[in-house]
Amino acid sequence: MRNTITFLLDGNPVEIDFSLEKSVRPTTTLLNYLRSLPSHRGVKEGCAEGDCGACTVALTERTPGGALRYRAVDSCLLLLPMIDGKQVITVENLRSPAGSLHPVQEAMVEHHGSQCGFCTPGFIMSMFVLYKQSAAPPRGEIEDAITGNLCRCTGYRPIVDAAQAACARGPADHFTAMEKSVLSTLASFPHGSIEISTPGQKYFRPATLEEACRALAEFPGASVIAGGTDVALRVTKRHELLGTVVDLGAIPELRQVSGSKEGLEIGAGVPLADLPSLLEGKYPALAGTLSLFASRQIRNLATLGGNLGSASPVGDTSPVLIASGAGVTLQSVRGTRQVPLDGFFTGYRKTLREPDELILSLRLPPPDGAFIRSYKVSKRRDLDIATLSAGFRLTVDGGGDVESLTLAYGGMAERTKRAVKTEQYLIGKAWSRDRVEAAGEYLSQDFRPITDVRGSAEFRMLAAKNLLLKFWLDSKG
Amino acid sequence: MDSNRQTIIGNSERRVDAWGKVTGTAKFAADYSLPHQLFGKVLRSKHPHARIVSIDTGKAAALAGVEAVLTAGDIPGNRTFGIVVKNQEILAGEKVRYLGDGVALVAARSIEIAREALRLIDVVYEPLPVVSDPEVAMWEEAPRIHPEGNVFVHHKVRKGNIEKGFAASDFEIQRRFRTQFIEHSAIEPEAVLAEPAEHGGVKIIGSIQNLFSSRRSVAAALNLDLNRVQLVQATLGGSFGGKDEVMTSMCCRAALLALATGRPVKMVNSREESMLESYKRHPYAMYYRWGAKKNGTITAMEIRCIADGGAYASMSPFVTWRSVVQATGPYACENVKTDVYAAYTNNNYTGAMRGFGSPQVNFAIESMMDELAERVGMNPLEIRLKNCFHRGSVTATGQKLDHVVSLQEVLEKAAGGIGFEEKWKKYRAASEGTHRRGVGLACSYRGVSLGAEGADAAEAVVSVQTDGSVIVSSGITDMGQGAGTQMSQIVAAVFGIPIGRIQFMNTDTSRIADSGPTVASRGTIMGGAAAKNAAEIVRATLLDVAAGMAGLSPRELEMAEGYVVKTADRSRLASFAEVAAECFEKGRPMHGIGWHRSPKTTWDEATGQGDAYFTFVYGANAAEVVVDTETGKVDVEDFVSVHDVGRAINRDAVRGQMIGGVAMGLGYGLLEEFVLEDGIPAQHNFDEYLIPTSMDVPPVKTIIVENEDPAGPFGAKSVGEPANEIAAPAIVNAIFNATGKRITDLPAHLERVHLGHALRRTGPRGSSVKETEPTYPDLSCKIRPAGQ
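Chains as they are written, first to last, in this note's numbering: chain A, 1 to 477; chain B, 1 to 788.
Please keep in mind that the hints were generated in silico from the structure rather than gathered at the bench.
Take the hints with a grain of salt, since some may be wrong.
[Said to hold, decoys possible] When the alpha-carbon atoms are kept at most 27 angstroms apart in a straight line, the in silico BS3-like pairs for lysine-lysine are as follows:
1) 633/B to 476/A
2) 237/A to 59/B
3) 237/A to 46/B
4) 27/B to 237/A
[Said to hold, decoys possible] Here are a few chain B residues that face chain A, going by a calculated C-beta distance under 7 angstroms:
5) 18
6) 22
7) 24
8) 663
9) 682
Note that the structure is predicted; figures quoted are calculated from it, not measured.
Every residue gets a Cβ at the ideal spot worked out from N, C-alpha and C, and that includes glycine.
Make the full structure from the sequences, and use the hints.
Structure below.
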């Protein structure tokens, strides 16, 4: 067990011993840490909740294949132990050793991509990671890469132009030459579990499943961190001093993905950003949903385990996962159990998970030809919590009647919930527009939605009916 | 005009501040720190409207690490401030008027301690009835927010005789439009660092838009002379009108704490604190009644607007004045009666925001114009071309437009850029499918700079160094819009040197004259003209010195490409740096103070007649949208923005203003809404208050029109606000073209654009528009009884 963390910053290993460093806590955010240093004030705070991207930095880590992977993340959502073993790159690190601007910086100057400049360091870092990953990204990919960065001045187009111009010159830069030495430095850092004890706080970052289960059994009331995008808000927004934290981010088993005849087994700790490529085109409805999930920076941190475990009533992924027939594997010192996702959510932010259990993985059955669609209704195209989300699955028999039907809705109840009465009404009946329109009435029996800042009850109900109609239209091509 | 001016003016020079911004070295207010600094925090109100019975700060003051706890009684000088009406309190004394009011201040050794101290302050309130609707606030029986009554502005325009105008009309169109509170959403939250100065005064560096007005309030609050209050502008992370009064109160509070403790005090708002306290763009209720003839001529306009002023007067008197001047839009009408009111409520106070009273009325005017087109069977382009101003037209305020009025040009370019007429006809005829397309058009005219609001002058100082480099200082602030680059480019043009030789200095109130506020899109036209004047003073001296060196007359010389050249044969006589060094040797002045005062404007408040602005700019926007009739989601797929800017000093900077303006206008039209329920905000951060992301803004086509105006430097006028003021109506008009549904309340979000069947057309286009009387709100339900 270590009570220290080690990471690479400005080309040098940095070790933080929380028992010696009085100015930081294990729950200090990377943003606040960086801004406390004299040389990293380019990292900005605009919202401290992962919505504006002004604090974006790049994290690099060693992939299982031994390559260096760059990720753009919101530093306001990272607690310091989460960067253990990684390299942190901020806007101050981008110039070449000789002092010349990085191609993304140069392009931002050239294209007037910076006006007031407060959001600029964050944009630069999102663009930098894109530069390292894509040689000639299409406009859509650029827009997606910077969706998590808000700009109020430019209207984005000059920034998109700059990204396009810069990436045409990539991905080589002065970081390329350093990659080998960075990899060996990262490999030389201490590995294994971390246990930090400071006055009032205990922070576990176990490196094995066994230790994680033991920690959860010992501290069933601990705050469990998967990607941290939800829990970090308790630190930054509610100013809570989290007493005991179990951080599941360093457990290899939670990052595994395996395919078999029974389907796909996805580790609960796989970042959502990595999922679309792992789905191999077999689950298009889920992949589509993931592309609209929050922003690139959030998807680089957030996980399916965290998303399901937090049981948001308007989670983006849970309806389509229920419609896909997904199951959850839970693990504890007591053993392993599997439960269907349908039924996993038991109430407002409540699930079947016992306090000593962790979500190990999610099972997706193999595609069986059923018609599955996922929908999200939100005011903004993305980076927006849904007013309403839905995942639907349909099979029709030879006579054109509904054989099986799953209608899972988010945002219509205190949890993701199936429209059971509506399903029952439609099953065995002709899959026709008239029937679907008539079924809309049953939705009013299934749900009593609420009015809040994201939408009124009346709107939710009408939109829910229209989504069903949209599903019918989509099924007819 | 010599050759260098031709090349550098209009050129897309790199921004002078770009290097610092892309490398992270640019220092914003929150990036400043001083040894031994304390952290200041504000305890804000618990009620939107309440009498303060008592404040007990004892427990907070006793907390270890707390250095000062202050309340209103600790303010030595003026406790209130305000641009027009001085009724805004630095700290609430007897009562709170909105939820963002501050009641106590804490300075502590850490932010955590300061936050803890706030929790220990006991405030006893006696809740008062809350008024949250300005139209209700206007009623005689409404609870008073300030003793003088709730209606604090009534501007009028009277032209012709509207009874006769309506009598001469063939039909009338009557509509009510409503707009929402808008949060400025500069990505940088407010921040200051105040430091006790050695002379007993105070020095404040901060994210301050209008340093001179903030300085006046700090000096008055602390009983200090203006020369002992030094305000320095840090690199400003966006403002859009939003870092004025809220910064004044933050400066006053930090200065109070700094002088009370004798230590530097840093204050930085979290996003939540910023949204809670800061002022917003005014919501308007607008009642428009037009009389028109079958041929599309408008015979009468009767307009009544009520602005929600919120808790304090702030800029409302000026914002609403621009509304009253521009309420008819750029359209000819002989008979006009306009009344614009502002009323106090217990909402966030409202003030300056990009557009400054124009986005609201432009939404109404441009919606009305489309309805008029619908009624007389013309298309939206034809109806605008028929009614719009031309050179020599007389506005509603009786002002003759004696400059190039380019409305026809901008309208035709916007329409042409999007293929308007053909698409409009096609989309109007289509009636099937769940995804409907539509195109919309909007145009505007806008008075440049402050107009008859008040004194309109600015200073710039140009100082040439002995190595030929140049320092430009100005009382006009760069908030990100690029004023520093424009001024540097103008000075570079006058001297014939590269812009890289120029260093622009942020505003420092102790080193430059009060130049008024950087508002009203006056940065380039006023600051640029002052910088040009300053540079020309030095240029005359330098040419005189060079003439002496060459034995020629200054009239035979000019400056180009870094040299003084002989005009006749373009021969280079000496480099700019050599002449600068010689100038120093000769003991001649190497700096120039440029002052620019705008041409005269006039206003008669009783009749609303006068030459309100010394010149105007013209613009047109065209939008193409796709409406999902099942969810109400509107996607803007194409957009053309056309603005006559007089002359573009820096084309990329102008383009940046235009695209950024459209993005903000798109938010206004479709997404953004700061909702208050009984004075309590429903939004706290960017997860709830939605501004557009890169995915929401389409590739905007920009067309810069240049009809040089003698009123501006090198013919330049302005673009910052015009760029923002007509995007929303263009989008809403496009929604009408797509669905036949007229949105009269902003934003046109999912629920308003509404759902499948609500949008399905049942009859011919336009028939869903019903002539309804504006309804007035029910008094009883809008006043929340005390204590609830």
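Structure-inconsistent hints, enumerated in ascending order: none
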